[in-house]
Amino acid sequence: LGFERVLPDLGQNIRCGNSLIGWDYFGGQIFPDEEEIQRVNPFDWQRAFPHIFAEGGFDAVIGNPP
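FYI, the numbering for the sequence shown is 7 to 72, going by this note's numbering.
Hint data in this document are derived by calculation from the structure and do not stem from the laboratory. Since the model is a prediction, treat every value here as computed from it, not as a measurement. C-beta: ideal position from N, C-alpha, C; glycine also. Possibly wrong hints are sitting among the right ones.
To be verified - Estimated spans, in silico, between C-beta atoms of each pair: (1) P38 x R11: 37 to 47 Å; (2) Y31 x A60: 21 to 31 Å; (3) G8 x D30: 45 to 55 Å.
With these hints in hand, go ahead and build the complete structure from the sequences.
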């Protein structure tokens, strides 16, 4: 029997980060502290989805709050 993938690979579909805080949180620091970056975990929407923003952005965003 051959192996057949049942579910799609979600590696590029699921993103993790603080979607309410971007890199501007660091207030222009040239080299933010690595520990603080990990703690805050900012999410850069435009960097994560450049192809979406090239077409005008999202129509809707659905999230799963903790």
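Checked hints:
no.: 1; hint: P38 x R11: 37 to 47 Å; result: holds (39 Å)
no.: 2; hint: Y31 x A60: 21 to 31 Å; result: holds (24 Å)
no.: 3; hint: G8 x D30: 45 to 55 Å; result: holds (50 Å)
The structure shown violates none of the earlier numbered hints.
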